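Enquirer: Chains L and U supply the protein sequences, listed in that same order. Note that the numbering used here has the first sequence beginning at 5, numbered continuously upward. Note that the numbering used here has the second sequence beginning at 5, numbered continuously upward.
What the hints contain is simulated information worked out from the structure, not anything from laboratory work. Fair warning: there could be bad hints in the mix.
A pair counts as met if it fits within one copy or between any two copies, since identical chains are not told apart.
List of simulated lysine-lysine pairs, DSS-like, C-alpha gap at most 30 Å [unchecked claim]:
#	residue 1	residue 2
1	K140	K121
2	K39	K6
3	K6	K140
4	K188	K128
5	K140	K188
6	K128	K39
7	K26	K188
All of these numbers come straight from a predicted model, not from anything done at the bench.
There are 2 protein chains.
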Amino acid sequence: MKLYGYWRSSAAYRVRIALQLKGIDCQQVTVNLLKGEQGAAAYLAVNPAGLIPALELDDGRYLSQSTAIIQWLDSEHPQPPLLPDDAFDRAQVLSCVYTVACEIHPLNNIGILNYLKSELGADKAQTLAWMTAWFKRGFASLEASISAAPYCFGDRVTMADIFLVPMAYNALRFDYDLGSLHPKVMAVYEACNTLPAFGDARPENQPDAVPPSY
Amino acid sequence: MKLYGYWRSSAAYRVRIALQLKGIDCQQVTVNLLKGEQGAAAYLAVNPAGLIPALELDDGRYLSQSTAIIQWLDSEHPQPPLLPDDAFDRAQVLSCVYTVACEIHPLNNIGILNYLKSELGADKAQTLAWMTAWFKRGFASLEASISAAPYCFGDRVTMADIFLVPMAYNALRFDYDLGSLHPKVMAVYEACNTLPAFGDARPENQPDAVPPSY
Numbered sequence: 005m006k007l008y009g010y011w012r013s014s015a016a017y018r019v020r021i022a023l024q025l026k027g028i029d030c031q032q033v034t035v036n037l038l039k040g041e042q043g044a045a046a047y048l049a050v051n052p053a054g055l056i057p058a059l060e061l062d063d064g065r066y067l068s069q070s071t072a073i074i075q076w077l078d079s080e081h082p083q084p085p086l087l088p089d090d091a092f093d094r095a096q097v098l099s100c101v102y103t104v105a106c107e108i109h110p111l112n113n114i115g116i117l118n119y120l121k122s123e124l125g126a127d128k129a130q131t132l133a134w135m136t137a138w139f140k141r142g143f144a145s146l147e148a149s150i151s152a153a154p155y156c157f158g159d160r161v162t163m164a165d166i167f168l169v170p171m172a173y174n175a176l177r178f179d180y181d182l183g184s185l186h187p188k189v190m191a192v193y194e195a196c197n198t199l200p201a202f203g204d205a206r207p208e209n210q211p212d213a214v215p216p217s218y
Numbered sequence: 005m006k007l008y009g010y011w012r013s014s015a016a017y018r019v020r021i022a023l024q025l026k027g028i029d030c031q032q033v034t035v036n037l038l039k040g041e042q043g044a045a046a047y048l049a050v051n052p053a054g055l056i057p058a059l060e061l062d063d064g065r066y067l068s069q070s071t072a073i074i075q076w077l078d079s080e081h082p083q084p085p086l087l088p089d090d091a092f093d094r095a096q097v098l099s100c101v102y103t104v105a106c107e108i109h110p111l112n113n114i115g116i117l118n119y120l121k122s123e124l125g126a127d128k129a130q131t132l133a134w135m136t137a138w139f140k141r142g143f144a145s146l147e148a149s150i151s152a153a154p155y156c157f158g159d160r161v162t163m164a165d166i167f168l169v170p171m172a173y174n175a176l177r178f179d180y181d182l183g184s185l186h187p188k189v190m191a192v193y194e195a196c197n198t199l200p201a202f203g204d205a206r207p208e209n210q211p212d213a214v215p216p217s218y
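Between the sequences and the hints, there should be enough to build the whole structure, so can you do that?
Expert: Structural data, given as structure tokens:
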């Protein structure tokens, strides 16, 4: 299998965590978002939507959308399971997944921030206020959903943790005060990061990572 | 069961379609978005995130996030199934679901449009250009994924159709030229709307619908 992604892509980061948790070997192919490679013909043949990540299966077929990819991985490689067996519990986990995937990430990714700047003339302060608004709304919702420890739903890692961590990583990168505002979210983030699977998936540990001085 | 929603909410519309397809009786409770009822204490007790829809189960527990609700309905009321059995096919359907739920809807809902106007001073033309940009990106991606007829994945309705229809309805409401730009999406929209389940779920057929003159 090949994962088309980028070290700093939050959606690719989710898939990397899932692959690591499952112990699946997967070649990483860099699609450099800063160079616009996601819109180049070579990548559009992989994913016509021009979005990363995409997964190339061993039989040459492709899958797109990180959430669909992770659910596919979970059904094809069921150990360890990323969702609970009970239907209600599963829906609770997925509700957290969609809080990140539908309420925060779509609004705060690089494509949208570029649009705000170029088309609506948003300055730095306005862009930061925009990001903060959706971080606050989404993380507050997650905070209200977390009733267990060390992970979102107790002592087993679920898809909720896989989605929380990359979003928290992004928020911290933009100096969002996650620890004060949403202490349970921060505690889950820290607990996950003690696990090798989450450490190996971190952006700065990817082969295409660029040092901070860049 | 009770569905907390609003006639014009695209996310509630999805759940209504799923309920109708499954033949499930469900009481509808209106949360009037124009009056800000989603932020009132009464509703925050149902869903602390202040977002609709939410589903109240017969045992008094609540579920939020339309995608999680529909997946729960599909596991508790498996007939007719909303996802294919084959893992790859299922991932393809979910990829379309997430294209709507993560690439279009989060950007073009009323809360975001209000923010653009009040915080970034976007005028009508800029707001329309914003909506058009994400309609175009998302529907183009769906168009590339549809290879069958009459529905997205052939002769069985799937979750992809349940998500496509409310988004297409919204786009048409804003005079987006769906038929010319994405003819396959438009054909699926029209085919779905010949089915009673989709007709019954349409915004204008809800008890809380307000006539166009409003």
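Enquirer: It remains to establish, for every hint, whether it holds in the given structure.
Expert: Evaluation of the provided hints:
1. K140 to K121: both (21 Å within a copy, 20 Å between copies)
2. K39 to K6: within (20 Å within a copy, 49 Å between copies)
3. K6 to K140: So K6 and K140 pass the 30 Å test across copies only (28 Å; inside, 34 Å).
4. K188 to K128: within (29 Å within a copy, 40 Å between copies)
5. K140 to K188: within (14 Å within a copy, 38 Å between copies)
6. K128 to K39: within (22 Å within a copy, 32 Å between copies)
7. K26 to K188: So K26 and K188 pass the 30 Å test inside one copy only (25 Å; across, 37 Å).
Every hint, counting from the list given before, is met by this structure.
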